[in-house]
Amino acid sequence: MNLFLLGTLLVPLLTGIACLLAWRRRTTQRGLGLAGATAHFGATLGLLWTVASDGIQTAQIGAWPAPFGITIVADLFSAIMAVVAGMMGLAVTVYSLGSMDARREEYGYYPLFHVLLLGVSGAFLAGDIFNLYVWFEVMLIASFALLVLGGERAQIEGAIKYVTLNLISSAFFLTAVGILYGMTGTLNMADLARALSRTAAPGLVTTVGLLFLVAFGIKAATFPLFFWLPASYHTPPVATSAIFAGLLTKVGVYALIRVFTLLFVQDPGFIHTLILVIAGLTMATGVLGAVAQNEFRRILAFHIVSQIGYMIMGLGLFTPLGLAGSIFYITHHIIVKTNLFLISGIAYRLRGTYVLKDLGGLYRTQPALALLFLVPAFSLAGVPPLSGFAAKLSLVQAGLAGQQYAVVATALAVGLLTLFSMTKIWAEAFWKGDTGESAATPRPGSAAGVRPRGLTSMFMPVVVLAAVTVAIGLAAQPLFTLTWRAAEQLLDPTAYINAVLGSPR
Amino acid sequence: MTVAVLSGFVLALAAPWLVRATGRAAGWVTALLPLALTVYFGSLLGQIGAGDALNVTHSWIPALGMQFSLYLDGLGLLFALLICGIGTLIFIYSGGYLPNDPHLGRFLSMLLLFMGAMLGLVLADNVIVLFVFWELTSISSYFLIGFQHSRPEARAAALQALLVTGVGGVALLLGVLLLGQVGGSLELSTLLGRGNEIRAHPLYLPILVLVLLGAFTKSAQVPFHFWLPAAMEAPTPVSAYLHSATMVKAGVYLLARMSPILGGTDPWVALVTTVGAVTMLAGGTLALLRTDLKQILAYTTVAALGTLTMLLGMGTADAARACMTFLLAHAFYKGALFLGAGSLEHGAGSRDVDHLGGLWRTMPLTTAAAGLAALALAGFGPVLSFIGKELLLEAVLAQSPTRALLAPAVLAGSALSVAAAAIVGLRPFAGTRPDELSDAQEAPASLWLGPVVLAAGGVVLGLRPEILAEPIVTASAASVLTRREVADLALWHGPNPALAFSGASLVLGLLVYRAWPTIRRSAAARTWWLSWGGPSRWYELGLQALSWLAESQTRLLQSGYLRLYLIMILITANGLAAYALLARVRWQPIVLQPAVQLHDAFIGALILLGALAAAGSASRLGAVAALGVVGAGISLVYISFGAPDLAMTQFLVEAFTVILLVLAFYHLPRFARLSGRTARLRDVVIAGVSGTLVAALVLLTTTARRDSRIAEYFAEHSVAAAHGRNIVNVILVDFRSLDTLGEITVLATAAIGVYVLLRLRPEKGSTP
Amino acid sequence: MPLLLAVVIGGLYATALYLILRRSIVKLLIGLALLTNAANLLIFTSAGLTRATAPIVPLGSDRPPAPFADPLAQAMILTAIVIGFGVLAFMVVLVHRAVQAVGTDDLDDLKATDT
Amino acid sequence: MRSLILRTAARLLLPLLLLFSVFLLIRGHNEPGGGFAAGLVASAAFALHAFAEGLPQTRRMIRVDPISLLGAGLLVTAAGGVAGVLAGQPFLTGQWVSLAPVGLGHVDIGTPVVFDVGVYLVVVGAVLTIIFTIMEEA
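Residue numbers (the working numbering), protein chains in the order written: chain A, 68 to 572; chain B, 92 to 859; chain C, 229 to 343; chain D, 25 to 162.
Note that these hints are calculated values from the structure, not bench results. Incorrect hints may have been included.
[Unchecked claim] Below 30 Å or equal to it, Euclidean Cα-Cα: the simulated DSS-like pairs (lysine-lysine) are:
hint, chain 1, residue 1, chain 2, residue 2
1, C, 339, A, 424
2, A, 491, A, 424
3, C, 339, A, 491
[What the hints assert, rightly or not] What follows is a set of in silico ranges between Cβ atoms, one per label pair, in the way DEER data are often shown:
hint, chain 1, residue 1, chain 2, residue 2, range
4, B, 108, A, 523, 19 to 25 Å
5, A, 169, B, 713, 40 to 46 Å
6, A, 555, B, 134, 45 to 51 Å
7, A, 545, B, 584, 57 to 63 Å
8, A, 221, B, 113, 35 to 41 Å
9, A, 480, B, 314, 16 to 22 Å
[As the list claims (entries may be wrong)] Computed list of chain B residues with no C-beta within reach of chain A, every gap over 12 Å:
hint, residue
10, 533
11, 602
12, 634
13, 653
14, 730
15, 807
The beta-carbon is built from N, C-alpha and C at its ideal position, and this holds for glycine as well.
Given the sequences, and given the hints that come with them, work out the whole structure.
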C-alpha cells in the first residue's frame with residue numbers, strides 16, 4: 068500500500084473535514100489550509116517519485132480485488148497531473164492568505180478549496196469510470212460553491228451558466244457510463260479496456276466514445292462546448308479564478324486523454340481525427356475571443372479555451388511525441404495560467420480594476436510585477452526559451468511528423484495571436500499611462516503610498532511559479548523525459564491494465 | 092564560444108545594478124563586454140580566415156532534437172565581429188545618449204540581451220536554437236522600440252515590428268523544422284552538405300517559401316519593409332545597432348547561410364533577386380520623400396538590405412564577395428550616420444533636414460564623421476563601400492541572363508543612394524545656420540566617439556582592405572559558396588565597365604539631388620496611394636479585420652444567451668451521435684425481454700404524461716407537481732424490477748425535491764410565455780432528436796449487453812466476506828465505499844453551498 | 229419491455245432538454261431535475277431488466293436466489309440520485325438567488341457577464 | 025402553517041419517525057434501508073417539527089448546528105476507512121468483530137456499519153442545513 072497514493076486523496080479530504088469542524092474559526096482554518104496544502108503537495112511529490120522509480124502504483128480500496136472493488140491507480144500521467152495540482156493548491160493557498168477577504172474565509176473558503184482539491188486529485192487517480200464520475204461531481208460542487216462564494220450579482224449570473232452547462236456535461240457523462248456498463252458489465256477502466264478491445268459492437272463503442280467526447284469536451288472547454296468558461300471565470304475573487312483556471316478544465320483534458328488512450332482506441336481514424344479538428348478550432352476560436360476582450364481576466368479566460376486546443380492536439384495526433392507534448396503542455400499551462408491570474412489579482416489589488424485601460428503605468432511603478440508578468444505571458448505565447456516554447460515545439464514537431472500541416476499552421480498562427488493579446492495587456496496595463504494621472508491614483512480606499520495589505524504572500528507564489536516557468540523552459544529535458552515516458556505508458560496500456568488487474572491468467 | 096554567447100544574457104541580468112553602481116560611466120563599463128568579445132573573435136580570425144570552422148555542442152533537449160550547438164565559420168565570424176565591434180561603440184554611445192534616464196539600466200539590459208541573442212543567432216548550428224535566438228532578437232527589439240513607452244507611436248511601432256517579424260518567425264520555424272525532416276538533421280553544419288537531396292525533395296518549395304518569408308520580414312524586404320521606418324521610434328543607438336547594423340541583417344545572414352542548402356534553384360534566384368531589387372529601388376525612392384534624418388536613413392537601410400538580398404539571390408562567386416564586402420561597409424557607414432543623426436539631435440535639437448544647416452562650424456567632429464560616412468553611402472572615395480559597390484557592379488554586369496534587368500536597376504539604386512547621401516551629408520552641415528540653431532554645440536565624447544570611429548573605420552578598411560576585410564570576406568563568402576576563392580579587394584581596379592557605371596550613377600544621383608525639392612513636391616501629390624493602398628495600410632487593415640473577426644465571432648458564439656450555448660452543445664452531440672449510429676453501427680435484431688405487462692404500460696404512460704405536463708404547465712406549482720409524478724412513476728419502475736432500495740430512496744428524494752422547489756418558488760407568479768412559436772418548434776426538434784437518439788442507444792445497449800461478472804462476485808461475497816445480506820447496501824458501504832464517500836462529500840458541500848448562497852451576500856452584513 | 233422503457237427514457241430526455249432550452253429559469257431547473265431522473269432510469273434499463281427478486285440474500289442462505297436484479301447498477305443509481313439531489317438543491321437556491329437578483333424569471337436578463 | 029393539527033401531528037410523528045430512521049439505519053445492511061434513506065427520514069422528522077413549531081424551537085431542540093454534523097459525519101466515515109490503513113490494509117477495508125451478546129445470538133459489528141452511521145449523519149446535517157437556511161430566507 069503506497070501511502071503517497073493514499074495521501075494524495077486523504078490529505079485534502081481530512082483537511083477539508085478539519086476545516087469544516089473548525090467552522091467559523093478563521094485563523095484555525097487558515098493554518099489548517101496551509102498545512103493541508105503543503106502536506107498534499109508533499110504527498111503528490113512522493114507519489115510522482117515512487118511512480119517514476121517503481122512503476123504504476125495501485126491500491127484496491129477496501130481490499131476488494133480489481134475489477135470488483137474500486138481501484139485507485141497512478142501512472143506517470145496521473146502522478147504528473149497530481150503534482151501540478153498539488154503545487155497549484157499550495158501556491159493559491161499562500162496567495163489566498165493574503166488576498167481572500169475575511170468574510171469569505173469565514174464562510175467556508177478553505178473547506179471548499181480542499182474539497183475541490185480532493186475532487187481533482189480523485190479524478191486523476193480514479194481507476195474506475197464511475198468513481199471518476201463521482202470525483203468529477205465532488206470537484207464540480209466545490210467549484211459551484213466557490214464560484215458563488217460572496218454572492219455578488221456577477222457571480223450569480225456567471226454561476227447559472229457555469230452550473231447548467233456543467234450539469235449537462237455530467238448528464239452526458241452519466242448516460243455514457245450507464246451505456247458502457249450495460250454493454251460490458253464492468254466499471255473498472257482496465258477491465259473495460261480489455262472488454263472493449265474484444266467487443267462485438269464496435270460501432271456502439273464509437274458512439275459511446277463520442278458521448279464521452281462531448282461530456283469531457285464540455286468540462287475541458289473545447290470548441291464548440293466552451294461557453295461556460297468565459298461566462299464565469301472572471302466573476303469570483305481572483306484566487307478562485309486562479310485555481311479554476313489552473314485545474315478544472317485540465318481535469319476534463321485529463322479525462323479525454325485517459326479514455327481516448329485506454330478505452331476508445333478501436334476507431335482512431337475517425338475519433339482521433341475528429342479530436343484533431345476540434346483542437347484546431349478550439350485554438351482559433353479561443354484566441355479570437357481573447358483578442359476581442361479588454362479586461363485582464365476575460366482575456367486570460369478566453370486564452371484557456373485556446374490553450375485547451377493545444378492540449379488535445381497531441382491526443383488527436385496519437386503519437387508518443389504528440390502525447391508527450393500534450394502532457395508537457397498541460398503541465399506548463401497550469402503553472403503559467405494560474406500565475407497570470409494571480410498577477411492580475413495583484414494588479415487589481417494595486418489599482419482596484421481589471422479593465423485594461425484603467426490599469427496603466429504599472430511598468431513604472433511596479434517594475435518587479437512587470438517582469439513577473441512577462442515571464443508567464445511570453446511563456447503562454449510560446450516565446451523561446453520559456454516553458455511554452457518547448458511545449459509548442461513538441462506538438463508542432465509531432466504534427467509535422469504526422470503530416471497534419473493544417474493544425475500545425477493553426478497552432479503556430481494562434482501562438483502569434485496569443486503573443487498579440489499578451490502585448491495588448493502589456494501595452495495597456497504596463498506601458499501606457501506612464502505620465503498620466505491614472506498612474507498616480509492609488510487604489511480607491513487606500514491611502515496614497517501605503518502598500519495594500521497581503522502583498523507579500525501574494526507575490527511569493529507568483530515569484531516561485533515564474534521561476535518554475537523559466538526553469539522548465541531552460542531545462543526542459545527532465546520534464547520532457549518524464550512526459551515522454553508517460554506518453555508511452557498511455558499508448559501501450561498493457562502495463563496499466565496489468566498493474567490494475569494483475570497479469571493475464 | 093558558449094561563454095561568449097551566454098555572457099550577454101548574464102550581464103543583462105546584472106545591468107540595472109551595474110548602472111546603479113557606476114552611474115554615468117555605465118555605458119563605458121558595459122562596453123567592456125562587447126570589447127572583450129570583439130578581441131576574442133578577432134583572435135580567431137586567423138584560424139577561421141584560413142578556412143577552419145569551430146563546432147561546440149552541449150546537450151539541451153535531445154528529445155526535441157534541440158542541442159545547444161554552435162558553429163563558427165567565416166560567415167558567423169563576420170557577423171560576430173560586427174555585433175561585438177559595433178556593439179562596443181553603441182554601449183558607449185548609449186551611456187551618453189540617455190545619461191539621466193532613470194531606466195538606463197533596463198535599456199542597457201535589453202541591449203545586452205539583444206547582443207547575446209544576435210550572437211547566438213549567427214553562431215547557432217542547431218536550427219531550432221537559431222530560431223530561439225531569432226525570436227529573442229524580435230522580443231528585445233519590441234522592448235527597445237517601445238522604450239519611450241508613454242508615446243502611443245512608440246508602442247504601435249513596437250507592436251508592428253513584433254507582429255511582422257513574428258509572422259516571419261513562425262514561417263521560419265515551420266520552414267526549418269520541415270528542413271530538418273527532409274534533410275534528416277537539425278544541425279546546419281550537417282545540412283550544408285545535403286543541399287542536393289533537399290533541393291530535389293517535393294517539400295523543397297514550401298520550405299523555401301517559409302524560410303524566405305522569415306528572412307524577408309526580418310530584413311524588411313518589400314512588402315514587409317514598412318515596420319523598419321516605423322521602428323525609428325526607438326532611441327537612436329537602437330536604430331543604429333538593431334535596425335541598421337545587425338538585427339535587420341539577420342535575414343541576410345539567413346539567406347547567406349541557406350544558400351548552399353536551398354540556393355541556386357530557379358525559384359530561389361527568381362524570388363530572392365526580384366524581391367531584393369524591388370526593395371532596393373523602393374527603399375531608395377522612399378528615402379527621398381522624407382526629411383527626418385532617421386527616416387531617410389531607415390529607407391536607405393531598406394535599400395541596402397534589398398541590395399544584399401539581390402546579391403545573394405544571384406548566387407555567383409562575385410555576388411557573394413560583393414555581398415559580404417557591402418555588408419561590412421554598410422554596417423560601418425550606416426552606424427556612423429545613425430549615431431551622427433543622434434548626435435545632431437542631441438546637439439542641435441532636431442533631426443529634420445529642413446530645419447538644419449550650417450552646423451559644420453559648431454559640430455566639426457560630427458560633421459567630419461557624417462561627411463565621411465555619407466561619402467561611403469554614396470559609394471565614392473577611399474572607403475570600403477566603394478570597393479563594395481564596384482564589386483556589386485561587376486557582379487551584376489558579369490551575370491548574363493539577368494543583366495538586362497538588373498543593370499538598370501542597380502544604376503538607379505546607386506543614383507538614389509548618391510542623392511540620399513547628398514541630403515544627409517550636406518544639408519545639415521553646409522550652408523548657413525538657421526537662427527534657432529544658435530545654441531547648437533558639439534556632442535560629448537561618448538557621442539562623437541562612435542560616429543568618428545565607424546566612419547574612420549570605413550576609410551581604413553577601404554585603404555588597406557588586406558588587413559581585415561580580405562580574410563573576412565574571403566572566409567564568409569566561402570561559407571556562402573561552399574568553396575574557397577580568395578577575394579582580391581582593392582580600391583582601384585583600373586578602368587572597367589563597372590567604373591563607368593559608377594560614374595554614371597554619380598552624375599545621375601547629383602542631378603536627382605538638385606531636383607530634390609521639386610521631386611518632393613510632385614511626389615507629395617502622387618504618392619497618396621501609398622498611404623491608401625501601401626503595405627503598411629494592409630497591416631492596419633489586417634489588424635482591423637482581425638479585431639472585426641474576433642468581435643463578431645465572439646458576439647456570435649459567446650452571446651450571453653444560455654439557451655444558444657445549450658443549443659450548440661446539443662446540436663454537436665446530436666450530430667456526432669446520429670452520425671455514429673447511422674454510419675458506424677451495425678444494427679441487429681433487438682431482444683425485447685422481458686415482455687411488457689399491463690401495469691408496465693400504465694407506469695410508462697404515467698411517467699411520460701408527467702413529463703409532458705411538466706414541460707407544458709403554465710404554473711410553477713403544476714410543473715413541480717408533475718415533476719413529482721414523474722419521480723413517483725420511476726419509483727414504481729424500480730419496484731417492479733427488483734430494486735426496493737432505489738424505489739424508497741427515489742421516492743424520498745423526490746418528495747424533498749418538491750418541498751425544496753415549493754419553498755424556493757412559492758411566491759413567484761405564473762410562467763410567462765417567453766419564447767415565440769419558431770423558437771419552441773426549433774427546441775422541440777432539437778430535444779426530440781436527442782430523445783430519439785437516446786432511445787436508440789438504450790435499445791442497442793440491451794442487445795449488446797452481457798452479464799456482469801462483477802454483480803456475480805458481489806452476490807457470492809456479500810454475506811461471506813462482507814457480512815451483509817442487502818447486496819446493494821453492502822456495495823455502498825463496503826465494496827464501493829469510496830463512491831459513497833465522494834457522494835456524501837458532494838452532499839455536504841452542496842449544503843455548504845446553499846448556506847453560503849443564502850447567508851453571504853454583499854447586501855447583507857457579515858452576521859453569521 | 230426494453231422498447232417501452234427506451235421510449236420512456238427518450239421521452240424524458242426530450243422533455244428535459246426542451247425545458248432546459250426555455251427562457252424561464254425555473255423551467256430550466258425543472259428540466260435539470262428531469263434529466264437526472266432520466267439518466268438514472270437509463271442506467272437501470274441499460275444494465276438489464278430482471279423482473280425478479282431484489283439482490284438481497286435471504287436469511288440462512290449465502291447468496292441470493294437467481295435470477296436477481298443487478299445490484300451494482302442499483303448502487304450506482306443510488307449514488308447518482310444522492311449526488312443529483314445535492315446538486316439540484318444547490319441549483320434550486322442558486323436559481324432562487326438569481327431570480328431575486330434580477331427580479332424576473334427570464335434568462336435573457338442574465339447575460340451581463342458575457343461579452 | 026402552524027395549525028394545531030400540524031403541531032400535534034409533528035409532536036407525535038417526531039419520535040416515531042426518528043425511531044423508524046434508526047430502524048432503517050440498523051437493518052440497512054441486511055434489508056432495504058441504509059444510511060441515506062434513514063437520514064432522509066430523520067431529516068423529514070425535524071423538518072416537520074420546524075414547520076410546526078418554528079425553526080428556533082427546532083434548533084433549540086437539536087442543539088447542534090447542522091453544519092457541524094457534516095464535518096462529524098464525514099469524520100466518522102473517514103475514520104472508519106483509516107482504521108483499515110492503521111491495520112496495514114488498504115483504505116476503507118472493513119474491520120469486523122463478532123459479538124455474541126446473551127440472548128441475541130450472533131452479531132457482526134464492523135467499520136462498514138460505522139461508515140453507514142457517518143452517511144446518516146452527513147445526510148441529516150446536509151438536508152437540515154439546506155432546509156433550515158431556506159426556511160430562514162423565506
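* Of the hints stated earlier, which fail here? -> Hint check: 8, 12, 13, 15 fail, others pass.
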